[in-house]
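First to last, the protein sequences are chains H and R.
Its first residue numbered 1, the first sequence is counted upward by one per residue in our numbering.
Its first residue numbered 1001, the second sequence is counted upward by one per residue in our numbering.
Among these hints, one or two may not hold up.
Here are some of the chain R residues that sit facing chain H, going by a computed Cβ distance under 8 Å [unchecked claim]: (1) D1051; (2) F1053; (3) V1116; (4) I1284; (5) I1287; (6) P1294; (7) L1297.
It should be emphasised that the hints constitute simulated quantities derived from the structure, not laboratory data.
Even for Gly, the Cβ is constructed at its ideal location relative to N, Cα and C.
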Amino acid sequence: MQEFLQHTLNGLSFGSIYALVALGYTMVYGILSMINFAHSEIYMMGAFVTFYMARFMGMETPSPINFTLGVLAGALGAGIIGYFVEKFAYKPLRNSPKMNVLITAIGVSILFQFGGQIIFGADPKRFPNLIEDEVLFYIAEIPVHLIDILIYVVSFVSLGILSFIIYRTQPGRAMRAVSTRPDMTPLMGINNNKIISTTFIIGSALAGVAAVLVSIKYPKIDPMMGVKIGTSSFVAAVFGGIGSLHGAVIGGFLLGVGEYYLIGYGASTYKDALSFLILIIVLLYKPTGLFGTTRKEKI
Amino acid sequence: MKKYLIFLVSVIVLGVVLNFFMNSYIQAVFISFMINAIMALSLNFITGLADQFSLGQAGLMAIGAYTSAVLNKEFFNNDWTMIPIGVLAGAFMAAGAGYLISLPSFRLKGDYLAIVTLGMAEIVRVVLLNWNHVGGPRGYNAITKFPEFYFSFGFAVLLLTFTFMTMYRLKFSWFGRNLWAINEDDIAAEVMGLNVAKTKRRAFVISSFFAGLGGGFYSHHLGYISPGSFGFIISVQILIVAVLGGLGSLSGSIVAALILTFLPEALRSVQTGSLDLRMIIYPILLIVMMIVRPQGLFGRKEISLSHFGLTKFKARGSNE
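Kindly generate the complete structure, drawing on both the sequences and the hints.
Below you can see the structure in the form of structure tokens.
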């Protein structure tokens, strides 16, 4: 029972990370119907931006201010990188076939992975300890760490901000409009390109936040760190129904908990295959995921 | 008849030159060019002709490679004359796996095939990593090789010719035209009475067969395989070859394989330390190609001997 609770807590904390990253996938898919393979590398870049900022600004000591600044720097850095990736790699292909965009996304992803290995070095780096981890309290003798609580809090604050932007502001309304009818929105005075850029920035910023949180919990970063989280989060997004924001969050939590049960009860070496197995099963029986909607194709 | 003769003579001349006047390094590079060409052709068949994006060629290659290697070691007592049978068995195994993957994949449209095939390749890799009998993460070594270069060369040429000719004939058959129709507009193709899902499935099984063929030969060429040699990056490299040659152009794939196998070898002297220049050049090439020339070197057209003024045969391309 105790073990079970421990896995659940770990799974939920990782699940909120998956949810943050999955939102980036699902937002981009909703608005451009493309799988942004480079999203996992934007996640990785978020961690590296904070790493270098902390190093050069001398903020490697644990303190709440450094933690806040670190998270914000990760979000900002990832957002800027996401903006430029969209501008230079995807925008020129706005009217080309989907496959070309997908191939470009793979190219960008590989470029970041191996460019990162050359610029940052392939060996893992130690992420600065931005906040002192301590055991806050116990639930049924399970220690609850401060960092886990912070992961929950920061994730939920980010999700709150996101849902405020999407459902309560004018740009958010425009985003929803573009994802429904991109051909009609220009007639309503919406600049599609601007909205797409905004979507990329927001999605990338969420990935940056997730990257900083993960790096504080597991303080080892390297240029390939995005691959595993990226694939799991993508599966979470498809599981929840790609294009649906709620679906991505719930899918993220379910996948996080599921993976930790699998690790906890043996079979940890098959963890990487599990997410894809789930994906294939989902696609077989419910291709639209949990909350996805089917759009009728008009001829 | 004349063109077959020209082909045969040039292959023999090439073989003789390579066998007697070149060192084993260049010989090995030549063989790996042919393996790359087979892999690029197998991807081109499904992605270029039928417009179904597969990212799992490395997984199918792994199935072919392990089947062939294990079969040769466990059942044929490392007898090199049995290599062709092992390679063929690997190809059939990969085709079977391809059929299983195709069952869920083609119920959906769009990018899902890319994800499912990517996932399948990953599952194959993880299973191989955990399978101790075939070495697990240490890999499977001491696989039988051909004793002489000319056997190896001959077999590689045979496989490449078989792959190319089968696909070339298929491209201009009724089946190829069905694929072409799906590529252009699958709804219209369905309206015309074409069973779209079944046709895509067949194309994927054919593609898997040749990926397994390439993988099977790969294991006997190198003599050592490990799950790490079939990662996602290999699928991407195959994709780059097919895209550079032009999706839909079979001869383009061979030309691109030639370029992309020899160019990195030529650039090897430029490299410094552990920096792998290829992995920077490849993605940049891919991105720039997609923006500037998405149709690749040859688009959908085929190179024909008539381009060189050798025969009277007309080039068969997309727009004639």
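Now for the hints, and whether the structure bears them out:
1. The closest approach between the C-beta of D1051/R and any C-beta of chain H is roughly 7 Å, which is under the 8 Å cut-off, so the hint is satisfied.
2. Satisfaction of the interface hint for F1053/R is found here, the shortest Cβ-Cβ separation to chain H being roughly 5 Å, below the 8 Å cut-off.
3. Interface hint status for V1116/R: upheld, as the beta-carbon distance to the closest one in chain H is roughly 6 Å, under 8 Å.
4. The beta carbon of I1284/R is positioned within 8 Å of a beta carbon in chain H (closest approach about 6 Å), and the interface hint is therefore held.
5. With its C-beta approaching chain H no nearer than about 4 Å, I1287/R sits inside the 8 Å limit, and its interface hint holds.
6. Checking P1294/R against chain H by beta carbon gives a least distance of about 5 Å; that is within 8 Å, so the hint holds.
7. Given hint, L1297/R at the interface with chain H, is violated; its Cβ is 15 Å from that chain's nearest Cβ, farther than 8 Å.
Hint compliance for this structure: hint 7 is the single one not met.
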